[in-house]
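**Q** Residue numbers (the numbering used here), protein chains in the order written: chain A, 1 to 349; chain B, 1001 to 1333; chain C, 2001 to 2086.
Derived from the structure by calculation, the hints contain no laboratory data. Quick caveat: nothing in here was measured; it's all calculated off a predicted structure. Ideal Cβ positions, reconstructed from N, Cα and C, are used throughout, including at glycine. Hints may be right or wrong, so weigh each one.
[To be verified] Ranges between beta-carbon positions, derived for each pair:
1. B:Thr1327 x A:Asp195: 50 to 60 Å
2. B:Glu1196 x A:Asp195: 32 to 42 Å
3. A:Pro328 x B:Ala1235: 55 to 65 Å
[As the list claims (entries may be wrong)] In silico contact screen, one side only, chain C against chain B (beta carbon under 10 Å); selected entries:
4. Val2024
5. Arg2034
6. Leu2045
7. Lys2049
8. Glu2064
9. Gly2068
10. Glu2069
11. Phe2073
12. Ser2074
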Amino acid sequence: MTSEATVRALYTDMVTARYYEERLQEEYLEGKQPAFDISAGPIPGELHLAAGQEAAAVGVCHHLREDDVVTAPHRPHHVAIAKGVDLKRMTAEIFGRETGLCSGKGGHMHLFDPDVNFACSGIIAEGCPPAVGAGMAAKKRNTDSVAVAYLGEGAIDQGGFLESLNLAAVHDLPVVFVVEDNDWAISMPKERVTDVESAATRADGFDMPGLRVDRDDALAVYEAGAEAVGRARDRNGPTVLSVQVHRRMGHFMGDPQSYRSDEDQAAATQRDSIERMETDLHAHGLGDDAIETMRETAHDRVDDAIAWAKEQPTPDPDRAYEDAFVNPPSGVTDTEPDFDLAETGGEEP
Amino acid sequence: MIDRELTMSRAIVEAIGSEMRDNDEVFYMGEDVADYGGIFDSTQGLLEEFGYDRIMDVPISETAYLGAAVGAAQQGMRPIAELMFVDFFGVAMDQIYNQMAKNTYMSGGSVSVPMVLTTAVGGTYSDAAQHSQALYGTFAHLPGMKVVVPSTAYDAKGLMHNAIRDDDPVVYMYHKRLMGLGWLPAPEGPKTPVPEEEYTIPFGRADVKREGADVTVVTLGLHVHRALDAAAELAADGIDVEVIDLRTLVPLDRETVIESVEKTGRLVVVDEDYRSFGLTGEIVSTVADEALDALEAVERVAIPDVPIPYARELEQEVQPDAGDIETAVRNVR
Amino acid sequence: MSDDRVPVVADGAWTDDVDEEEGVVVNWFAKAGRHVTVGDSLCELQVEKVSVDIDAPTDGELVEIVRGENAEFSIGDTLAWIEPEG
């Protein structure tokens, strides 16, 4: 049986992530009603929330160290929380504030926390190649760190994912591809767009192991994650890990989900991984009070982060022109070298 | 006095080899770069010294390997990743312009991408529409990547040293006909004396390859040499042409162009990329923005807005040559 | 002219890879007057599709280039002379 400490840690991050998404949903909709104007309110733009997908995040990330690299897609908050991203600065970034992780330049889809090697990006499947590159760097440097790329089941048809599988396989790289299968690519159900039932099947075609966790169960993901991350860390190559999750909210905030049947939406809110975890905590001897305390502590942490973020200053508009480069435009030098180029084309002798 | 000359490809290889010797974290990845030494000789001879781990052949998977270079660079390594023909950017542009070029900015400067993207550009040898493009404008237009276009061996080596050491992503575009390949002979000009030691040339410094008083010709890459040929012809008629080699597009040395036009009043811009919405328009508008009073006449010489055709007669029609440059210079006087 | 001069010859193991006897000097890298070290790449020849570097056979000064860029040669021809040191 998984240790009590582990179950507590998994549960804590899961309820943190769940509550975080619920709170962001409230904050996001502020200022956008009664008529939904996407550019209005304290969190403008798009917002993709991961309520219901927490198991996939904690089950793998709790095997990772700070020096392990994680890339995540446009629905990243639960993964960021599980990876140990600075929650206050992440929240400030989502609110577009100057002291956010990216000085307000990235927003919710482009969160970068180099201290814990986390990055997310908004183009489907395009986080996979950089994760492969991080694995390549680890191999070249002879360290035992690993790279994990998160993607949705809709992304397994994108070329970038398929190319990444091959490149990771042919060079035997320490990479884990975690596919969060929530059945829906915005409004397209999986069976209408993909010919295989699970991403794990893709792995067969690329000469690597494909694992599946077909129920919303963080401990089952944790067990599969141990195998996948362990294989990478032992330098035995890449793995695809496909995890069944449920998308409790729309694809993006504002999505009316008219394409989803009532049954499907209701099923997503049935007994899920957090409820399962509470059963496991009971099995370790924790009572309802202890669980409630953990939940409240997690909620307080989220409320504090959001309150902090909302107090942060908005960016100075002049800063918009900065940070395209880290070095000066001229590169590592400012001066032309001083050679006698009497016969170089064009220079006068 | 420098008593040896190198072709442009050998100068590039010399810089890469030197940086790889100095720093274990520099490595080169691309298609056919190991045993073959690069289709355009970009890694010729390096495999023997550095082995397959550092001169890496990759599968035909541009998205995966260019993106892997981004990921390795973000971890602090210094990959040089080669896009065999610039025309192939289409299959991997997301990793180039949305990831490599934008991660520094989107992160507020907290991550950097110290990689070099090398790529072969240019036509004039009947390789048709999908293998003959220059695409300078496409890469210069999108923010977040430095863009370098050497025209001589001397410039190529100094710019490559800077590109590898720079912590920002650099797109290094080398013209196939300037490399000095046996099967694609170079004109006179790109093979120059090259110092044996390491040296860096700053980005954003155009080089006046020929001083002149009458007309300013601004250009880059192969057309620096075609412009110099035209200038030699025109000198016989007493027309004194100033030839400016831009050397880098991002950052762009607008000052040198403006200074020259303030002297001559007459501007010809020559580009091997498509005419509309590109480099020639950018140079002309730079002068219009900042030196309109000085400008008396202007003409653009570029590939017209059609895909590059195959038949020799057709390609020669669309490719600017020394004759076209000469005509343009005479037109602005 | 010293009799000690060493010829740089258009010959080598590469001749096994080609059927033709003639080729072109496509590039000279070292200029006359340059001090060269054994193994330095002096010039590049092309025979059919094969490109090959000709290296300095000895240390010394490259005193005379006999066949310059774009000159044709036959296998075995002297391309240049080196005055060896010592």
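**Q** State for each hint whether it applies.
**A** Here's how the hints hold up against the structure:
Between Thr1327 (chain B) and Asp195 (chain A) the beta carbons are some 58 Å apart, a value that agrees with the proposed interval 50 to 60 Å. Distance hint check for Glu1196 (chain B) and Asp195 (chain A): the Cβ-Cβ separation is about 59 Å, which falls outside the suggested range of 32 to 42 Å. At about 38 Å, the beta-carbon gap between Pro328 (chain A) and Ala1235 (chain B) misses the expected band of 55 to 65 Å. For Val2024 (chain C), the interface hint holds, the least distance from its beta-carbon to any beta-carbon of chain B being 9 Å, beneath 10 Å.
The closest approach between the C-beta of Arg2034 (chain C) and any C-beta of chain B is roughly 4 Å, which is under the 10 Å cut-off, so the hint is satisfied. The closest approach between the C-beta of Leu2045 (chain C) and any C-beta of chain B is roughly 9 Å, which is under the 10 Å cut-off, so the hint is satisfied. Interface restraint check for Lys2049 (chain C): the shortest CB-CB distance to chain B comes to about 7 Å, inside 10 Å, so the restraint holds. Hint status for Glu2064 (chain C) relative to chain B: violated, with the closest Cβ pair at about 14 Å, above 10 Å.
Given the 10 Å rule on beta carbons, the hint for Gly2068 (chain C) is violated: about 12 Å separates it from the nearest Cβ of chain B. Evaluation of the Glu2069 (chain C) hint against chain B yields a held restraint, the C-beta minimum of about 9 Å falling below 10 Å. Against a cut-off of 10 Å between C-beta atoms, the interface hint on Phe2073 (chain C) is violated, since the closest Cβ of chain B lies about 14 Å away. The closest approach between the C-beta of Ser2074 (chain C) and any C-beta of chain B is roughly 18 Å, which is over the 10 Å cut-off, so the hint fails.
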